[in-house]
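Residue numbers (my numbering), protein chains in the order written: chain A, 4 to 423; chain B, 9 to 158.
Hints may contain errors.
Short, incomplete list of chain A residues facing chain B, as computed with Cβ under 7 Å [said to hold, decoys possible]:
no.: 1; residue: Met272
no.: 2; residue: Leu274
no.: 3; residue: His360
no.: 4; residue: His362
no.: 5; residue: Asp363
no.: 6; residue: Thr392
no.: 7; residue: Ala393
Please keep in mind that the hints were generated in silico from the structure rather than gathered at the bench. Don't be surprised by glycine CBs; every beta carbon is placed ideally from N, CA and C.
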Amino acid sequence: MSRVPTALSDASPTSQFEVKRIRGDFPILNTTVNGKPLVYLDNAATSQKPAVVIDTIKSYYESSNANIHRGVHHLSVKATEAYERARATMQRFLGAARPEELVFVRGTTEAINLVAQTWVRANVEQGDEIIISHLEHHSNIVPWQLLCEQTGAVLKIAPINDAGELMLDDYEKLLNEKTKFVSMAHVSNALGTINPVRQIVDLAHACGAKIMLDGAQAAPHLAINVRDLDCDFYTVTGHKMFAPTGIGILFGKHDLLEEMPPYQGGGEMILSVTFEKTVYNKVPHKFEAGTPHIAGAIGLGAAAQYISAIGLDSIASHEHDLLAYGTEKLQEIPGLTLIGTAGNKAAIMSFTLEGVHPHDVGTILDLEGIAVRTGHHCAQPTMERFGITATTRASLALYNTKQDIDALVMGVRKVIEVFG
Amino acid sequence: MDLRELYQELILDHNRNPRNRRHLEKASRSAMGYNPLCGDKVTIELMLDEQGTIVDIAFDGTGCAISTASASLMTEAVKGKTPDEVRAIYDTFHGEVTEKPVQGERKVELGKLVAIIGVRKYPARVKCATLAWHTLNAALDQAGETVTTE
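Input sequences plus hints: build the corresponding full structure.
Below, the structure written as structure tokens:
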């Protein structure tokens, strides 16, 4: 059921084939919505899952499910091996030096809260400064606001320009001897901006601050190497990279994780417990209290392998082509303004349409089977910076096609027709 | 689902040309409503007589077509109505959009408000339709806090 003649979509035979095969890997892409084929353009909110990830989880529950780390029976050993193999897979995926530097968490929100309440809380005092940027997701704002309330530290905001790019000079000016910590997005969820993270890290280190990068929107789209970046902490979330919800990774440099106090207390994160004294487990287990989302971790490992087998370079290249095509087509629409026009962007297109509220755009697109997100995208300060309360956001992943973009464009033109 | 069921001509008209969208000088009551999920904002201003009848009503704010049209249609529906009549209209309307219809005597004719009832097929948009009404109730009760949809 194609929407447009294929002459309009001129992808080369190789990439066309690759995308078709990749689409075949994702069962949900075959469904219909409101009688139309699903056009899923809400990947920044969450990604769809390939059969291999779904099957890995199913197979775990069918043949290897047990609690991990301390059982002596066969299933427990199998489950433990699978869980730790997933950790090692993520270590390779992120380019970390050792698996002990990878902590399984619930997601990037938990990772940021964890770091704020452990390393940062132990190392900042009244009057110290923490820097975030004007394009952060609420999950990289509120934990720092809480931390500042608790410690008397001060939150500073590195500004962005009208294209949604971090103003590096202004960021540099904010850094001083009181700056203890910097936390920034690698990729902006609302604007798509890819931050110049290497420079951001170097500048932070030059003034003695530690730095965390929020890679929630980066992991499915570009290659990450935490050693190259030399960041102190890095976080990714499973559900945005074709893995289940409720699982993510916090990378932390080994010596930092060692010196940090625990986050949550409980089973698994201890070596021994008496009422007189409790000895904590070694890193990373010190930060994994309670029974983890074992199936989720194993699913995350399978997703990382799936991505690596295709290759992040070819994924990035495919998405870059779609971004260029989509940007061009959307900009042809009268009354449409793109929000977030950085020179270096991931495949996220946020826009406003004159005279039509994003909610109405989203509902009419939904009736065409097109899933986009409308609203403030958990980035209210970013919206405010552009003088708006909401945008319509189309965000792409490796399984999107030019036909998806064509459908989006036709849908937006239909919105204009209705509201004409 | 046909988009014309939701975006009927009447709704598009009231969105393009909202009625009673102005500032009410000498309003005796007012309230603000806010939908934090999308940023829809509405202010309702009322002039009541001694019996509490709505002598005049005006609204202002920013929001989607559904919230704007709903506010506009609401002002037309309640102008000149007594508190009991307003209550009856609200209960009937709210019952229809939340699919818990009011029964028997309490049910009243909705007139043009019927156009908005299509929103009940779009659960994510019901709050857009009811924001103005919740705000109206707050103005009538003069609760003093900003109403939110959450």
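Tested hints:
1. Met272: Violated, about 35 Å.
2. Leu274: Violated - the Cβ of Leu274 of chain A stays beyond 7 Å from chain B, reaching only about 44 Å at its closest.
3. His360: holds (4 Å)
4. His362: Interface hint status for His362 of chain A: holds (4 Å vs cutoff 7 Å).
5. Asp363: holds (5 Å)
6. Thr392: Nearest chain B Cβ about 3 Å off; hint holds.
7. Ala393: holds (5 Å)
In this structure, the hints that do not hold are numbers 1 and 2, in rising order.
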